[in-house]
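Novice: Chain by chain, the residues:
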Amino acid sequence: MQNKRQMRIGTALSLLYLMILIAPVAWAQKQSSEESEFSRMSSTSSQIVKEQATAKDALTRMAEFLAKAQKFSVNIKSSYEVQQESGQKIEFGENRKVIVSRPNGLHIEAEHSDGEKHLVLYDGRHITVFTPSENVYAQATKIGGIDEAVMYFLRDLGMRLPLALLLTTRLPEELDRRTQTLDYVEETVMDGKPVHHVAGRTETVDYQVWITEGANPLPLQIVLTYKNVEGQPYYRAKFSDWNLNPKVKNALFAFTPPKEVRKIAFVAQLPKTVFEGSASPAETGEQK
Amino acid sequence: MNTKPYLFIPIITVAFIFFIGTVHEASARLGGGGGRASASGARAGGGGARAAGGGFSRSGAAASGSFSYSSSRGAAARSGAPAASASRTASRSQAAQTRATGRAETREGRQEGYTERTDIRQQERTARAGERTERAGERTERTQARADTRESYAGRYYDDHYHDHYDDDDWDDGEVAALAIGAAVVGGVVGYAAGQSTTTPSSTVVYSAPPSSGYASLPCSPYTTVVQGVTYYQCGSTWYTQAYGGSGVSYVPVAAPY
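One line per chain: the protein sequences are R and C, in this order. For the first sequence, the positions run 1 to 288 when UniProt numbering is used. For the second sequence, the positions run 1 to 258 when UniProt numbering is used.
Next comes chain R alone, as it looks inside the complex (with noise of 0.2 Å):
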């Protein structure tokens, strides 16, 4: 009998115990796991800020140094997705060899997949597209530099140069004015060189950009993706043999058409009352 009032006892003194143990480890518990909670949102929130001010950082680097570049030369090789009419996506792809020498002289070649070759010069007063398959050429005259000179060929003409923001001086501005949203993917090697992978999103495309880290933060891939387009199609261009000291002779940005050559003219510079039928040939005919 004694026996059992002692064990009841104990069982009882034990519960109380148990209890006392516990609640303040229980309390404890939950107080460290907000606590937790909150340094880890907090946490992972400043990294992803240093991260995006990375993404800033090496994406204003790049920009600010092709802006300031005064001379340079660059091969791409590109690649572009079209969707067609059955909705079955097709890849073509081109190089380009881009001589640029601020603030006149714009040399490019571009070879597309099918083979067909397209120049592109501007030296300070005319550009210029010629198509040798063709024998074919079409000349604008816009004097004000590369910036001038491609905003008008693409804007005005209707003309197509892939990645011509590369091309300016305005691509800090350009870049900053169109970005809504930017953010740093990761440190990779490309071509056997640490880079930058960064991402942003512009209002009607989203595009990854791999910039070489150091001195000379130079874009070695581009790719973009336009989100607002059926099929979402994509451009990516690889970036090789930069050179920012290239040999450049003025003769390289200057048009001599080749004998055999006609001259055409760019489709956007049809005027208005060709579509009254009222002009004749004899007003702007071209010329060989």
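Hints were generated in silico from the structure; no laboratory data involved. Every value quoted in this text rests on a predicted model; they were computed, and no experiment measured them. A couple of the hints might just be wrong.
Covered stretches of chain R (in silico footprint by chain C; criterion: 3 or more residues with CB under 8 Å from a CB of chain C, positions within the stretch not fixed) [claimed, not checked]:
(1) 62-74
(2) 84-94
(3) 161-168
(4) 204-214
(5) 222-228
(6) 252-261
Quick list of simulated restraints, FRET-style, between CB atoms [to be verified]:
(7) Q232(R) x Y258(C): 26 to 36 Å
(8) Y258(C) x K71(R): 21 to 31 Å
(9) P246(R) x T224(C): 49 to 59 Å
To give a feel for the contact side, a few chain C residues facing chain R, derived at Cβ under 8 Å [to be verified]:
(10) W171
(11) P219
(12) G236
(13) A243
We put the beta carbon where it would ideally sit given N, CA and C, even for glycine.
Since the structure of chain R is already known, use the hints to place chain C on it.
Specialist: Only chain C this time, still in chain R's reference frame:
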């Protein structure tokens, strides 16, 4: 056996507390990793394309290589999409959805069989899936945090963007108009004057909405004539000349030269 429960229970308690402490530390370690952006995700499929030149269009949004793309600019010509495009897209989506459902079901069936055969491995996977879920939670957290940190950046962008919207925005996408492969019937007669900038840029007449880039080839073996240095090609009652557009050299319908 002389058992002493009042000694046994405190021992269990101490063991329990030790266990809780260990679990807490482990979870803190698991949760503490900062992590970088996910390296996984959808990858572009690589198959399907065959050799170019079989009548495939080379023109499209991605051909522009621009950092912005105005879909409204010459959208009809650019995509070359006929009116049936929407319904075709819908049916493609539906088909894709059906295929996806089918694949999901197949995967589920395979998974069941697999689970039966390899219970232990499945359990391991479940444990790993739990960890992944936790990490996914972290990623969501990071995404949210990113969105928060972006607010000021995005706010500034929209301010600037609003002011510049009608200025030079999207100037680098050019006019990547699709060329019609082969010939097409050209309705109506339009005139032509080769836009020749002879002196200064201001003398060049340029319009913000250029006409169609024309056609990659002519619909016939044309009658060719040169009038004042301009080469014209005649097919039936329609005249053409060559001109440069976003897709290269094309044949543009023009007014009769005489």
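Novice: Each hint needs a verdict: does it hold in this structure or not?
Specialist: Results of checking the hints against the structure:
1. Residues of the stretch 62-74 of chain R with a Cβ under 8 Å from some Cβ of chain C number 0, which does not satisfy the need for three, so the listed coverage is violated.
2. With 8 residues having a Cβ less than 8 Å from any Cβ of chain C, the stretch 84-94 of chain R passes the three-residue criterion, so the hint holds.
3. With 5 residues bearing a CB less than 8 Å from a CB of chain C, the stretch 161-168 of chain R meets the requirement of three and the coverage assertion stands.
4. Remark: the stretch 204-214 of chain R is confirmed as covered by chain C, as 3 of its residues place a Cβ nearer than 8 Å to a Cβ of that chain, reaching the required three.
5. For the stretch 222-228 of chain R, the stated coverage by chain C is satisfied: 3 residues place a CB nearer than 8 Å to a CB of that chain, which reaches the threshold of 3.
6. With 0 residues having a beta carbon nearer than 8 Å to a beta carbon of chain C, the stretch 252-261 of chain R misses the requirement of three or more and the stated coverage is violated.
7. The supplied range of 26 to 36 Å is broken by Q232(R) and Y258(C), whose beta-carbon atoms lie about 49 Å from each other.
8. Roughly 50 Å separates the CB atoms of Y258(C) and K71(R), a value that falls outside the hinted 21 to 31 Å.
9. With their beta carbons about 42 Å apart, P246(R) and T224(C) fall outside the hinted range of 49 to 59 Å.
10. This hint holds: W171(C) has a C-beta 4 Å from the nearest C-beta of chain R, less than the 8 Å allowed.
11. With 8 Å as the threshold, the beta carbon of P219(C) stays out of range of chain R, its nearest partner Cβ sitting at about 18 Å, so the hint is violated.
12. Interface hint at G236(C): violated, since its Cβ lies 17 Å from the closest Cβ of chain R, which is beyond the 8 Å cut-off.
13. A distance limit of 8 Å between C-beta atoms decides the matter here; for A243(C) the minimum to chain R is near 4 Å, and the interface restraint holds.
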